[in-house]
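Protein chains: 2
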Amino acid sequence: MNWKPRYIALLMALAVLVGAAGSYIGIEYFGSGEQQSQSAQVADKGAENFGSLSADEQKEFLKDMAGSEDLKKIEQAMGVIKKNYVEEVDDKKLVEGAVQGMLDTLEDPYSVYMDQETMEQFNETIESSFEGIGAEVSMVNDKVTIVAPIKGSPAEEAGLKPNDQILKVDGKSVEGLDLYDAVLKIRGEKGTEVTLEIDRPGVTDPLSIKLVRDDIPLETVYSDMKTVDGKKAGVIEITSFSEQTSDEFHEALQKLEGNGMEGLVIDVRGNPGGLFTDVKDILKEFLTDDKPIVQVEDRNGEISKEYSSKSKKKDYPITVLMDEGSASASEILAASMQEAGGYDLVGTKSFGKGTVQQAIPMGDGSTIKLTLFKWLTPDGNWIHEKGIKPTVEVKQPAYFYTNPVEIKEPLKYNDTDEKVGNIQKMLKGLGHDPGRTDGYFSKGTEAAVKDFQKEADLSVTGEVDEETGGKLEEAIIEEVRNEDNDKQMQKALDVLFQ
Amino acid sequence: MNWKPRYIALLMALAVLVGAAGSYIGIEYFGSGEQQSQSAQVADKGAENFGSLSADEQKEFLKDMAGSEDLKKIEQAMGVIKKNYVEEVDDKKLVEGAVQGMLDTLEDPYSVYMDQETMEQFNETIESSFEGIGAEVSMVNDKVTIVAPIKGSPAEEAGLKPNDQILKVDGKSVEGLDLYDAVLKIRGEKGTEVTLEIDRPGVTDPLSIKLVRDDIPLETVYSDMKTVDGKKAGVIEITSFSEQTSDEFHEALQKLEGNGMEGLVIDVRGNPGGLFTDVKDILKEFLTDDKPIVQVEDRNGEISKEYSSKSKKKDYPITVLMDEGSASASEILAASMQEAGGYDLVGTKSFGKGTVQQAIPMGDGSTIKLTLFKWLTPDGNWIHEKGIKPTVEVKQPAYFYTNPVEIKEPLKYNDTDEKVGNIQKMLKGLGHDPGRTDGYFSKGTEAAVKDFQKEADLSVTGEVDEETGGKLEEAIIEEVRNEDNDKQMQKALDVLFQ
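Keeping their order, the protein sequence lines are chains A and B.
FYI, the working numbering numbers position 135 of the first sequence as 135, with every residue one higher than the one before it.
FYI, the working numbering numbers position 361 of the second sequence as 1361, with every residue one higher than the one before it.
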């Protein structure tokens, strides 16, 4: 890549912010390992102005734009709108709109504009250590969409799912808001309540889900040793790739290896991605110099390849666990472990984000987050909007995918309703066969409801009222949390020692 | 209103286009009756350039914009995007995006940008005399939404409905397209086919609807004399307000009056609006100088009121028929007849569009259509996004609101499906009681299907396959077309002579 020095300064500027934003991969291509910490320090200082360009450099930068026909047209349109529109128009809003509008033409949901106010609130929110609901979100088809809830967060506990679309926050529509404005509405102080109206694929009526905001855990690595057929299997779960992640990972790995681990499962389910350097550091531990661990393609089609320096793989087997919530850096990990390492990928198809963004400060406190590169797999595949297929596909049991049910009128024999279908799936997951799961409340379903009510010490009516519905949901959440029901993990462990 | 003369020239410029666009109200506030035809001629000439401003006037117009901080930021953002984005960026697209982005900040679905290409194709389409599907559309919450199908058009025949959202045209998503780009994809030569994927409120799966494009009827007024309890009731239907509409209306009215009409129903159901002058001309025929027929509020809150010069109302009773597809000029008519004339409004709540747009050419072939005014009812109410409530609410029978059903697998006894619910409503509308309409295929439904199959000379299976589904749909469309089933019209006639 041929970056002029001034760009490097410019692009490094917001490394701190990059780390914190979480939903995209920070760029630290420009130095090798040792130089990175230095860059991060420089970055902190540069963050408040438009790079560190001299006046002359700025002039050169803007030269070919000045006085262009293009700008005249924008100027003219601005004049027409300001002078004629039925309401008073705020100049600044028009400018922000123009910048947003230019970004919109890129048709890239990851290239976004964050205005001054958004950035200020964003920085404040970061400083107050991620009090919120703990879900990574993205703009998909103009809708604020859950990529993944963070492990142990209110979002996960309330049952938010990948691909849920957030329609309203506390009764107010987020339609038309950009991602960051929407996120700021969702975030808030620990202990406060927020109600989200959610459109879930396959569910007709919007769901209303109440959450209590909390500190969002900043730990990103969790490890455990399991025993499978007398063998020691290490499990390392990575919940996102942030600044400490690779250090935490190496520490956890060392400990497991020290304890005689005979195989490793790396779990990136629901991991929305993060910093590019972290995932590279982790991959370099496992892969050899035979193939690139990842490739990066710039706007001119120039490709740079990154290699590990190792000559030998680990002497124990490894599998990677992923699902539809595994995005970005998680997908780099999965693709690389598979294509360069030959390791199995267990679970379901990943999210499909194959681009790399950088935050570029505009000098007035606002920032453009712009897609600069594509990343390619070791074999040169671009998985954007496609995702990565597992080598061993395993879904969780059907009741993992049930939806919260709001019962207004009790549901009973002979009713037909989408909600009945959901309840039937829950009953089935709890071992009470409802006969069918298509939404028709049959005699068999009634019997299953009675069974459940007996078990849960409810009055045995055979009807599903608010209380029975609530108990069903509690029981399902308990089942989902029970490790014994994690079919994907079981498969990953099975595959390990085959 | 205080419009400087140069603005008048500018704003009159596209009167011809205004008339053709149909979905908004042309502005001809600036002259009284006699001057209007003159203006329309001027307009035709001025249409190709940025008004008829001299170079000096243009300079003055743009003066306060030049060199502003606002533009510098747009310039800077443009530079950042052009030089860094992962793909090559087209300068012109960025400019169009900026203009669109500025309009987006207005949060007004009726203020839109039409680029050169769109305008060229748009003009061509107009010249080829409206070959298309015949539906008026609007952008609602970023979705291309049907306001109303035009009477006798392919859109009406295929069963498109108000509030249907168009997702795809011939398999290609219209997501992200602006209204006019989307419309151009839908339009095309007579005889050609187009398949729309439709998201209909209350229907989970998108519907696929095939239409054959046709000449869209340019007649906008249809009249008829009916006999109700021995009395002669005139009916005038207005399908949209275009240049000839008020002339056609007056002609029809004269004829009905000459034939001894004793009462009048004005039917603006499904009428999406059009030219402001037309509806005013029509209202002036019926209303007196006691109250304004309509009020117009400009950006400074200044209100101008328009009056009829008549001192006496018609000596026969009048009712207005409207529905959820009655928008804009239709709503001016309905509101005015009710508030100023005291006439009944029969039907369902209207669409809710209370603003007035004008097309402003940008000089390079592109055009900004901008909202300039609000219109208020005679009593000063703004009905925007609220609609007008009927004084006598009547819905059509339930089967008017059924949806086309795509049958892949035959539907049969004990199935549970939204499609079954639709079929049940159709059966009920055809006089074959299905027992229930909630989507559960009961024994009663099976019997009703058999009844229908017997009647329609189909093999009597009790299952709904593609053939039975198709015949059901045909039968329903026939019922909907049958005037005897038009409950709203019947009510309007009843109310007339009460």
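Be aware that one or more of the hints could be misleading.
Covered, in the sense of this in silico footprint (three residues per stretch, anywhere, with C-beta under 8 Å from a C-beta of chain A), are these stretches of chain B [to be verified]:
1. 1219-1228
2. 1370-1380
3. 1434-1445
Result set (EDC-like, lysine to aspartate or glutamate): computed pairs, CA atoms no more than 16 Å apart in a straight line [to be verified]:
4. B:1092 x A:75
5. A:92 x B:1075
6. B:1143 x A:70
7. A:313 x A:364
8. B:1172 x B:1219
9. B:1161 x B:1199
10. A:226 x A:467
11. A:72 x B:1170
12. A:284 x A:364
13. B:1093 x A:70
14. A:93 x B:1451
15. B:1092 x A:70
16. B:1072 x A:298
17. B:1314 x B:1393
18. B:1092 x A:438
19. A:92 x B:1069
20. A:93 x B:1070
21. A:443 x B:1415
22. A:425 x A:438
23. B:1450 x B:1433
24. B:1093 x A:108
25. B:1072 x A:107
26. A:73 x B:1438
27. A:72 x B:1070
28. A:412 x B:1433
29. A:92 x B:1281
30. A:82 x B:1107
31. B:1073 x A:70
32. A:143 x B:1415
33. B:1082 x A:108
34. A:82 x B:1108
35. A:73 x B:1181
36. B:1082 x A:262
37. A:408 x A:467
38. B:1083 x A:298
39. B:1073 x A:91
40. B:1082 x A:91
If you are wondering where the hints come from, they were derived from the structure by calculation, not from laboratory data.
These figures come from a predicted structure and were not determined experimentally.
By construction, the Cβ of each residue, glycine as well, lies at the ideal position given by its N, Cα and C atoms.
So, going through the hints one by one against the coordinates:
no.	hint	in the structure
1	1219-1228	violated (count 0)
2	1370-1380	holds (count 5)
3	1434-1445	holds (count 4)
4	B:1092 x A:75	holds, 14 Å
5	A:92 x B:1075	holds, 14 Å
6	B:1143 x A:70	violated, 29 Å
7	A:313 x A:364	violated, 49 Å
8	B:1172 x B:1219	violated, 32 Å
9	B:1161 x B:1199	holds, 11 Å
10	A:226 x A:467	violated, 38 Å
11	A:72 x B:1170	violated, 37 Å
12	A:284 x A:364	violated, 39 Å
13	B:1093 x A:70	holds, 10 Å
14	A:93 x B:1451	violated, 63 Å
15	B:1092 x A:70	holds, 7 Å
16	B:1072 x A:298	violated, 27 Å
17	B:1314 x B:1393	violated, 24 Å
18	B:1092 x A:438	violated, 52 Å
19	A:92 x B:1069	holds, 10 Å
20	A:93 x B:1070	holds, 10 Å
21	A:443 x B:1415	holds, 15 Å
22	A:425 x A:438	holds, 9 Å
23	B:1450 x B:1433	holds, 11 Å
24	B:1093 x A:108	holds, 14 Å
25	B:1072 x A:107	violated, 24 Å
26	A:73 x B:1438	violated, 56 Å
27	A:72 x B:1070	holds, 13 Å
28	A:412 x B:1433	violated, 23 Å
29	A:92 x B:1281	violated, 41 Å
30	A:82 x B:1107	holds, 14 Å
31	B:1073 x A:70	holds, 14 Å
32	A:143 x B:1415	violated, 34 Å
33	B:1082 x A:108	holds, 14 Å
34	A:82 x B:1108	holds, 14 Å
35	A:73 x B:1181	violated, 20 Å
36	B:1082 x A:262	violated, 51 Å
37	A:408 x A:467	holds, 11 Å
38	B:1083 x A:298	holds, 12 Å
39	B:1073 x A:91	holds, 12 Å
40	B:1082 x A:91	violated, 24 Å
Hints 1, 6, 7, 8, 10, 11, 12, 14, 16, 17, 18, 25, 26, 28, 29, 32, 35, 36 and 40, counting from the list given before, are not met by this structure.
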